[in-house]
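Protein sequences, first through last, are from chains A and B. Going by the working numbering, the residue at position 53 of the first sequence is 53; the numbering climbs one at a time, nothing skipped. Going by the working numbering, the residue at position 59 of the second sequence is 59; the numbering climbs one at a time, nothing skipped.
Be aware that a few hints might be false.
As the list claims (entries may be wrong) - Taking lysine to aspartate or glutamate and the DMTMM-like style, the derived pairs with C-alpha atoms no more than 25 Å apart in a straight line are: (1) K281(A) / E83(B); (2) K281(A) / D266(A); (3) K123(B) / D176(B); (4) K276(A) / E47(B); (5) K12(B) / E447(A); (6) K123(B) / E231(A); (7) K43(A) / E83(B); (8) K170(A) / E231(A); (9) K428(A) / D389(A).
Hints in this document: simulated from the structure, not taken from any laboratory. Treat the numbers as computed from the prediction; the structure is a model and nothing was measured.
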Amino acid sequence: MSRNSQTGKAGKFSTLFKCALGALTLSAGSLTLAATPEKEDLKFGFIKLTDMAPLAIAYENGYFEEEGLYVTLEAQANWKVLLDRVITGELDGAHMLAGQPLGATIGFGTQAHIITAFSMDLNGNGITVSNAVWNEMKKHVPKQADGKPVHPIKADYLKPVVDSYKAEGKPFKMGMVFPVSTHNYELRYWLAAGGINPGFYAPLKGDISGTINADALLSVTPPPQMPATMEAGTIYGYCVGEPWNQQAVFKGIGVPVITDYEIWKDNPEKVFGVSKEWADKYPQTHIAVVKAMIRAAQWLDANNNANRPAAVKILSQPNYVGADYKVIANSMTGTFEYESGDKREVPDFNVFFRHNATYPYYSDAIWYLTQMRRWGQIPEHQPDSWYMDIAKKVYRPDIYALAAKELIAEGKMKASDFPNFATETGFKPPQKEFIDGITYDGTKPNEYLGKFPIGLKPSDKLM
Amino acid sequence: MKLLLIGISEEKISKLQDALSTAGLDLVSFNGQQDSLYPLIEQQRPEIILIDTSSTARDTLEHLAQLDRNHARTVISLGRNSESINRLAAETGLSLYAVDSVAVSLLQALTDVVISQLISRDKLAREVASMRPVLAQQRDLHSAIKFIMEKYGLADTQARDLLAKNAKHQKRGIADVARHLMETGSLP
């Protein structure tokens with residue numbers, strides 16, 4: 001477990017003193033002074049993935065300290081222990097899968113009220129298949145004039161491979177990282193869009209396995225072990241965050257076939273989660289944390305990703321992601337390598353700030369809930385109002401807005417950096433850029449669920 | 001009743017084995033790759049699972065629990081005595097999973113045994129170990145006084161006084177001087 005050294009007390013006072021002076025000069029222009037955080041020594045958990053970057057940068061660039069916060073960042077061994085530690089209070093907050101606060105709050109897996117006021121990034125995942133699967137799949141993929149595959153590569157071309165495995169009585173096995181992970185939903189979305197049924201969860205009744213009607217069998221493998229597990233032949237492909245897709249290319253063991261950006265353009269990825277109890281107890285601390293992380297996210301995207309190489313250098317340290325600079329840089333600096341040598345520009349593969357990436361949209365929360373319902377993690381029909389209620393219980397743009405307004409008042413950010421808080425509803429306009437062409441309108445979850453050829457319909461019940 | 005142990009060190013297992021087997025539990029230990037956990041759980045269908053909190057197989061186990069309601073699921077509370085679940089994670093680094101039909105009272109008893117085997121037993125061993133030098137000093141002192149009394153025909157208080165004066169003169173502890181006497185047969 002890595003632990004970043006804390007600032008000594010002397011350093012703490014001098015920084016506070018500087019901050020106080022800064023606030024004093026600012027107060028001539030605006031009378032807003034940030035309130036003192038109730039708790040200043042904090043410990044945050046993360047998983048070794050590149051999208052923990054806003055935490056690392058807020059720490060390394062001193063944004064936490066400027067808010068009067070003394071933060072320890074600690075890598076966690078798995079998503080479950082990370083969530084448990086946030087619930088028990090051992091961690092003040094953590095880098096979480098967007099599905100974790102939602103899943104926990106509705107009592108899927110673990111029951112606890114977790115909230116988020118900060119979305120950590122957009123996109124950043126990919127789907128990789130083994131060389132053997134790619135060689136079969138490639139025969140069906142249309143080619144460009146230069147002989148390279150036409151992108152995006154749909155699962156339609158994987159279907160013949162899956163069918164041939166099925167005919168031989170072999171289940172087509174793929175890996176993802178957690179039952180409520182983005183990767184689970186993205187992999188399922190891509191497969192289903194290509195006519196491959198990834199099976200259903202059945203929490204209400206035990207004698208039907210979660211893999212009923214499955215064409216593909218999904219299992220959970222920790223991200224760092226994905227490439228090795230695929231190399232061992234236990235899984236034929238996987239959906240994971242970086243650097244674990246690019247590592248398959250570097251090792252020559254597999255081919256990333258699609259990024260999640262191509263499955264759903266600018267999809268929300270990780271969030272920063274805290275327990276509701278913690279947020280109620282330390283409201284000013286929470287705002288201060290969100291402020292520091294907003295600044296980190298802005299830095300990560302500033303000047304057209306100009307700071308990314310510096311960020312990659314930090315992330316490659318063993319106490320953060322601990323992977324080679326080159327592997328992390330491959331995806332963090334605006335490109336993505338598919339088949340070895342087929343490196344393409346994907347400037348938005350990782351988005352930390354632009355497109356209001358940090359704002360916790362209710363519509364993002366509702367999309368995750370629709371997928372939980374689509375695959376049976378939510379076993380029964382729920383009215384649209386239920387989706388809305390859960391989203392409002394978990395996603396807290398109100399706290400985000402308080403943090404953003406303080407940053408604007410302090411002159412650290414501009415109002416134009418943020419959504420217009422006076423008119424923002426928390427719902428993105430209907431989004432059309434999905435690989436299957438289905439439009440998502442967060443205000444109508446049940447109508448949306450009715451559009452999928454594969455997936456539970458509003459009236460279906462898994463009993 | 002089957003108890004599956006996942007990712008738990010040999011050392012911990014050796015401490016738990018006897019107590020759990022004696023109680024009538026069939027122990028199965030797993031330390032392999034997490035993907036072989038799927039067939040293992042299908043075959044063995046353990047009623048109770050203890051897993052190292054930081055095991056890489058933990059997220060896989062969560063998935064298994066959610067795929068099938070008949071599989072062991074994470075135990076969040078033990079009714080009124082839930083603090084022992086937190087103690088189990090915080091002090092022994094283990095998490096408990098069980099199928100719904102296992103009684104809370106059984107899980108409570110199991111948790112108590114695991115904590116006592118891993119924590120209370122170690123604590124006793126540490127306490128015993130920390131007492132050892134103190135007892136040895138007392139024993140040396142006692143022997144030294146007895147030695148002086150017998151050799152010079154002195155009374156208990158005189159023998160003790162002699163040792164104390166010698167220790168003061170040498171700027172050493174009285175136990176140290178006593179040990180020296182017992183090891184060499186003469187005062188330093």
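Against the structure, the hints:
no.: 1; hint: K281(A) / E83(B); verdict: holds, 22 Å
no.: 2; hint: K281(A) / D266(A); verdict: violated, 33 Å
no.: 3; hint: K123(B) / D176(B); verdict: violated, 28 Å
no.: 4; hint: K276(A) / E47(B); verdict: violated, 33 Å
no.: 5; hint: K12(B) / E447(A); verdict: violated, 53 Å
no.: 6; hint: K123(B) / E231(A); verdict: violated, 44 Å
no.: 7; hint: K43(A) / E83(B); verdict: holds, 22 Å
no.: 8; hint: K170(A) / E231(A); verdict: holds, 18 Å
no.: 9; hint: K428(A) / D389(A); verdict: holds, 17 Å
The earlier numbered hints that this structure contradicts are 2, 3, 4, 5 and 6.
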